[in-house]
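**Student:** The residues making up each chain are set out below.
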Amino acid sequence: MSALTIENLDISYGDSKVTHGIGFTVAEGESFALVGESGSGKTTVLKAIAGMARSWSGSIAVFGRPRSHGIDREFARQCQMVFQDPYGSLHPRKTVDATLSEPLTIHGISDNGERVDEVMRSVGLDRRFRFRFPHQLSGGQRQRVAIARALILKPKLLLLDEPTSALDVSVQAEILNLLKRLRREQGLTYLMVTHNLPVVSFLCDRLAVMRHGRVVEIADVDQLKQGLLEDPYSRELVELGAAHPKT
Amino acid sequence: MSALLEIENLRVTFPTARGPIDVVKGLSFTLGRERLGIVGESGSGKSMTGRSILRLIRAPGKVSADKMRFDGIDLLARSEKQMRDIRGARISMVMQDPKFSLNPVMTIGDQIAEALLTHQKLGRADIRGRTLAMLEAVRINDPERVLGLYPHEVSGGMGQRIMIAMMLIPEPDLLIADEPTSALDVSVQAQVLEIIDDLVKRKGMGLILISHDLDLVSAYCDRILVMRAGEVVEECAAGELRNAKHPYTRGLLASIPRLDEDREELPVLQRDEAST
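Chains as they are written, first to last, in numbering that gives the first Met the number 0: chain R, 0 to 246; chain B, 0 to 275.
If you are wondering where the hints come from, they were derived from the structure by calculation, not from laboratory data.
Using N, Cα and C, we set each Cβ at its ideal position, and we do this for glycine too.
One or more of the hints may lead you astray.
Partner residues aside, some chain B positions facing chain R, computed with beta carbon under 7 Å [claimed, not checked]:
#1 Glu40
#2 Val185
#3 Glu193
In silico negatives: residues of chain B with every beta carbon more than 10 Å from chain R [as the list claims (entries may be wrong)]:
#4 Asp21
#5 Leu55
#6 Pro59
#7 Asp141
#8 Asp172
#9 Glu239
#10 Glu263
#11 Leu265
Chain B extracted, bound-state conformation (with noise of 0.2 Å):
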C-alpha cells in the first residue's frame, strides 16, 4: 500500500505575547488508504493538524513541516492558488457544526453543485442528476424536495449529511472529518458515522477522523493517534485501544462514565499548570 499522504515533523505556531507558542510540536505520520483517528482533548493540537494538511492555518499561524506530500504532491511548496484545485477536489474537510459551515442564503441544490462546479465543467441534466445521486447516498429522502431548500430549513442531522455530500461529490481521496457528529444528538450521531464509514470503504477513499471521543473513534477508524499538547502520546490499532499503555490515554478512557457504573468517584487526570 502506497502512502497517500506523508508528514514529518509538522510545526504549526503562533505568535504570543510571551513569545511563539507550537500548538502542533513535530508531528509525524503516514496515511494509506485507510481510516485514521485522531484523538485528545482541546487545545491538544488536534483540529489544527486536520487544518494544516489542507493549508487553512491563516497567518499569524505559522506551518512548517520537514515533509507534507500528499499522493505525490508537496503541499507545502503549492501556491495559494494551487492549493484551490486540491481542496475539495483532492482532499476535503467536514467541519463540526453544519450551522456554521454552510451557507444561509444558498439553497442546498446551489451550494452542492457549487461544489462539483468548482473543480468539473458538466450540464446542467448532468449536474442535477448527480446531486440527486449524492443525496440520495447519504440518504436524505426526498432529495427532489431538499434540493430547493435553505439550510435553515433543514435539521442539524440533516445539514451534516448535506455537508457530506457536497464534501464527497468531487470524489476526493482523502477526506478529513473534524468532529462530525459532536454538534448531533446520539441517535443521529451513528447515522451519520455509518454514511461516511459505507461511503469511505466504497470509494477506497483515506479518512482521518478527528474527535476527543475515544469510542466514537476507535469504532469507527483502524488506526488510532492519541494527541496531548500537541504530540502524539500513543498510537495504536483501534481494537488496541482498551489495552492501551500510556498513563495518559489510560486515565482519558478511565474517566469516562459506564452504563453499569458504579464507581463512587472518577478518576481525574493530573493537570500541568498551564492546562488547568
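Chain R on its own, in the form it takes in the complex (with noise of 0.2 Å):
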C-alpha cells in the first residue's frame, strides 16, 4: 500500500493559485523529496498535506484513507511535520517536557512519563534536557526536540520542511544521520522538501522536481547522482548546485 498518494492537487492562497494538477505516490517505507527554488509551491504542498493550507481541490490520500478539508485527529496520528526553523517552531516558554507531552495530552494518551522518556533517547537527547527552555538548548538539540514532537504520537509518516537548512554543516551531519536512522528503526516513510541536492543524495530514494506550481519531473535518486536527470530546469538546477554547492 503507498504512503501517501496526491493527485492532481490544485492549492490556492486566496485568489492566486500556487500550484496545478500535482500528482505523486510515496511508497510506505520510502523517502520522497520535493526539489525547487523559493516560490515553486513545494512548501505549499505539504502545507496541503498537514492540513495549514485548506483551500485545495483534488485528492490527498495517507494509508489509503482521504483526507478531509478539516482538522482530523486520526489523521495527525499518522503523520506529523517537522518545520525549517527550530528556533521558531517551538514555544518559547514551554520545557521540552511541555512540549512533548502536548500531543498526549490532545490525543488522551496517558502513559506520558515513560513515552517522553522513550522519544528522547531515540532522538539522542539526553534526560538532563528534558525541563529545559528552548533558549537553553543549542540549535541541533532544538531540531531533535521538534523531531521529538513530531514522532511522539508514533506517527508513520513525516513530512519534513527543509530540516536542516538552519543548522551548522556539522550539525546538519548529526541531523541527517538521525533522520536515516530513525527511518530504518521505525520504518518510517519520509516527505522532504529542500533546494538541498546533496542532502537528497543522502537521505532520499526518489526525488520530484518542481518549477511554478507543477511537478517538472519524477526521477530515481540514482538518476541524480549519475546526472542523468531529463528535463531541461532540473539538469539546471544541478548544475547550480555543482557551481555553487551549498552545504
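Grab the two chains, each in its own frame, and use the hints to assemble them into the complex.
**Tutor:** Printed below as a string of C-alpha cells:
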C-alpha cells in the first residue's frame, strides 16, 4: 500500500492558485524529496497535506484514507511535520517536557512520562534536557526536540520541511544521520522538501522537481547521482548546485 | 602589496554570570587588497570578528587588541564620531538578511542616496545618476522603477542586491560581507556573489567574506581562515582547502553530503562539553 497518494492537487491562497495538478505517490517506507527554488510551491504541498493550507482541490490520501479538509485527529496520528526553523517552531516558554507531552494530552494518551523518556532517548537527547527551555538548547538540540515532538504520536509518515537548512554543516550531518537511523528503526516514510540536492542524495530514494507550481520531473535518486535527470530545468538546478554547492 | 588592515591579538569579551568569556581569543591577521574568507560554525566568533573591525560591538561587550590598523589609521584610538567617517565611507558591511537591514519606511532610492549623502555633498541630479548607475551595476533591471519602491515590494535576492548597492556606492576600500547569501535561494546566491566578486575586482577593494559554507568561501576567496571557538585553527590558500591538515577543518569538510553520496552515515565532529 502506498503511504501517500496525491492526485491532481491544486492549492490556492485566496484568489491565486499556487500549484497546478500536482500528482505523485510515495510508497510505504520510502523517502521522497520535493526539490525546487523558493516560490515553486513545494512547501505549500506539505502544508496542504498537514492541513495548514485549507483551500485545495484534488485528492490527498494517506495510507489509503482520503484526507478531509478540516482538522483530523486520526490523520494527525499517522502523519506529523517537522519545520525548517527550530528557533521558531518551539514555544519559547514551554519546557521540552511540556512540548513533548502536549500531543499526548490532546490525543488522550496517558503514559506521558515513559513516552517522553523513550522518544528523547530515540532522538539522542540526554535526560537532563527534559526540563529545559528552548533558549537553553543549541540549534541541533532544538531540531532534535522538534523531531521528537513529531515522533511522539508514533506516526508512520513524516513531513520534513527543510529540516537542516537552518543548521551548521556539522550539526546538519548529525541530524541527517539521526533521520536516516529513525527511518530504519521505526520503518518511517519521509516526504522531504529541500533545495539542497546533496541532502537528497544522502537521505532519499526518489525525488520530484517542482517549478512554478508544477512537477516537471519525477526521478530516481540514482539518476540524480549520475547526472541523468532528463528535464532541462532539473539539469539546470543540478548545475547550479554543483557550481556552487550549498552545504 | 601594503597591508590594508592589520590586526594583532584581537579579543572580544562578554561578561557572564560565571565571569567574562572571550568569544574571540587573540586573533591576528593582515589583509591586503585581496579576498579573505572566514569560516566557522555558529559560535566560532566569525561575525564578532567582522563587527569588531567596525567597532560595532556594544557594551557590555569589550574589544581589545594590540594593534588594529586600517590603512594607517588606528581604529581603537578613534572616537565614536571619528569612526562614523570610516563606517560606510572606507569600510562597509553587508549583513545577512535584507529583510532586517533595510529601512521599511524609506524608498530604495532614498536609502541609497542617504548612504551617499552622509559622506559627500552632491547635487540632486548627481545623486540620482549615481544611484541609477549603482543599481545597474548590481544588475537590477529597470532601476528607475525600483528607486520608488519600498523594501517590502522587492524579493529577497533583489533586497540583498540593493544592500550591496548601498554599501558600495560610497566606494569603500574594504567590504565586510557577513553571510551575505545565507538568507537567499541557491539560484540567486551565485548571482549575488558574482556581483560582489566583480565589483571587488574592478574597484580593487579588499573583501572579508564571513560564512559557514566552506565550498562557497573556497570558490570566492583567495585565502581562508578557519575559526573555532574564537581561535583560528587553520589558515590556507582557498585552492588548498581540500588538502586542509587540521582535524577540525577535515571534519567539517567530511560532514558535508555530496551529490554522488554513497556513504551510509556522515562523519560527525566530536564536540566538547561546552558546545553540545
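**Student:** Each hint should be assessed against the structure and marked as holding or not.
**Tutor:** Hint-by-hint comparison with the structure:
The beta carbon of Glu40 of chain B is positioned within 7 Å of a beta carbon in chain R (closest approach about 4 Å), and the interface hint is therefore held. Interface hint at Val185 of chain B: satisfied, since its Cβ lies 5 Å from the closest Cβ of chain R, which is below the 7 Å cut-off. Evaluation of the Glu193 of chain B hint against chain R yields a violated restraint, the C-beta minimum of about 10 Å exceeding 7 Å. The non-interface label for Asp21 of chain B is consistent with chain R: the shortest C-beta to C-beta separation is roughly 19 Å, beyond 10 Å.
Chain R leaves Leu55 of chain B outside its interface by the beta-carbon criterion, the shortest separation being 23 Å against a cut-off of 10 Å. No beta-carbon of chain R comes within 10 Å of the beta-carbon of Pro59 of chain B; the shortest separation is about 19 Å. Asp141 of chain B, annotated as away from the interface, keeps every beta carbon of chain R farther than 10 Å; the closest lies near 20 Å. Distance check on Asp172 of chain B: its Cβ is at least 27 Å (rounded) from any Cβ of chain R, clearing the 10 Å threshold; non-interface status holds.
Look at Glu239 of chain B: its CB is around 18 Å from the nearest CB on chain R, clear of 10 Å, so calling it non-interface holds up. Some Cβ of chain R comes within 10 Å of the Cβ of Glu263 of chain B; the nearest lies about 8 Å off, and the non-interface call is violated. For Leu265 of chain B, the requirement that its beta carbon stay farther than 10 Å from each beta carbon of chain R is not met, with the minimum near 4 Å.
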